[in-house]
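As given, the protein sequences belong to chains A and B, one line each in that order. For the first sequence, this note's numbering assigns the number 1 to the initial residue and increments by one for each residue that follows. For the second sequence, this note's numbering assigns the number 1 to the initial residue and increments by one for each residue that follows.
Calculated from the structure, these hints are not laboratory results. The C-beta atom is built at its ideal place from N, Cα and C for all residues, glycine as well. Fair warning: there could be bad hints in the mix.
Stretches of chain A that chain B covers, calculated by requiring three or more beta carbons in the stretch to come under 8 Å of a beta carbon on chain B [claimed, not checked]:
#1 12-21
#2 47-58
#3 100-111
#4 118-131
#5 176-189
#6 247-254
Number of protein chains: 2
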Amino acid sequence: MSKGEIYIISTGTGNVQQLTGNACELLGKADLIVGYTKYIKDIESLIKDKEVYSTGMTHEVDRCKYAVGQALTSKKVALISNGDANVYGMAGLVLEIIEANNLWDKLEVIIEPGITSILTAAAKAGAPIMHDFAVISLSNLLTPMELIEKRLQNALSADFVLGLYNPLSHSRKEPYFKFLEILQQHRNGDTPVVIAQNLGRDNEAIHIKTVKDLLELKDDMTMINMSTILIIGSSATRLANSGKKVITRRGYQQNYDYQLQ
Amino acid sequence: MSKGEIYIISTGTGNVQQLTGNACELLGKADLIVGYTKYIKDIESLIKDKEVYSTGMTHEVDRCKYAVGQALTSKKVALISNGDANVYGMAGLVLEIIEANNLWDKLEVIIEPGITSILTAAAKAGAPIMHDFAVISLSNLLTPMELIEKRLQNALSADFVLGLYNPLSHSRKEPYFKFLEILQQHRNGDTPVVIAQNLGRDNEAIHIKTVKDLLELKDDMTMINMSTILIIGSSATRLANSGKKVITRRGYQQNYDYQLQ
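With the hints as constraints, model all of the structure from the sequences given.
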């Protein structure tokens, strides 16, 4: 019997045009596509008549176990991970399951990287992450609140540009309020902030705001919810194009002449 | 005269198969391709007979000014940025030049995101960045050493997974030695480390090591140089597949049964 194959495919943020050539090629080779219903729908045009196994949100452990189980029957299984599979995606869970069941010898595993949300948000807003940055998920379902707090404190006090995933949900507001509290200790009110909503989808919206605006928005869930990515500027971050773009300066302006001849 | 167009295109790490559909489409629309000679070579097969302007390393300000100047003559100009244009890439510089010359009304600017090195390195090594992470460049050409030091201290003490770009060059060893010193204060010797060399190129190599190994390597520039990306695990990072893979646990293992039926 031939070895099973499992492809963990990162599909980028929303639009099929954001998949890489490699990701498309692996999708083409797969016999079975496994993923969260919403993300499978995003790539429907690339799947055609392949077998699909999709389930709703929060069933990620079941989906990963199913994908591994099916690959063991010598199928080529593509497991879909939105954004990048390493960044709060499916890569770790699949590998943990393979490790726990001691299956490394029985499976070929390929992880294909993709564009994680903060990169799409940044490109749409200009160049807010031109310098060192930190990425934090505000979900405290699997992470203790104290650790999230410590990471927020350390990232903001060392003047990192900060990307926030999963900022706010109806049932989970405490981490976001804690973030706002820490933010005020470390950033001026006029520091630029990017609020990116529904990246790659029809209702995508990029808002260029400031820390002051963010504090006023508080927990306005029409603006900040689980489909929002936030980017908080560092002290080197500036508004450009009359407030329609954001740029974090890397230091070139100190040494170079920008004037065109 | 029609408006000039400038596309800042992220080409991912090395291989043309890592470009997105969007990036390929923009390349196809461009009249002129501008970029660093080495990175232009990476995508040669996609350029065909288009006009090309390429220069060597450290001429990035000239390249960006040239690209903007040419776009003002109504050309469609594609400026190539390796990895992701926002992560130590060309996006910020181009936008700063447009802002300094007050050209927003005269140009259409599109930034296309791409796969930055740490994502490729992570995928090749397994799932080392399944949780909050920080990215730091060790180049102190444009960044004061004290700020680099503070960011290293804060990222490591808050138990972030840490990605390092530009770790070590012949003329710039101090930041790397400082990093090793801070690393020892915050991580056990058996913490997994990924050393990714020449990503996407023929001589690509992924080494799974530990903090202890890294300290022993010191400034071995056959392993750690400007073509190397380092990923330092957090306290949740483990070796898997008998040391051939790295996984950072996100916490699922506390709540879920991984055994297949």
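The hints, checked one at a time:
no., hint, verdict
1, 12-21, "holds (count 8)"
2, 47-58, "violated (count 0)"
3, 100-111, "holds (count 4)"
4, 118-131, "holds (count 11)"
5, 176-189, "violated (count 0)"
6, 247-254, "holds (count 8)"
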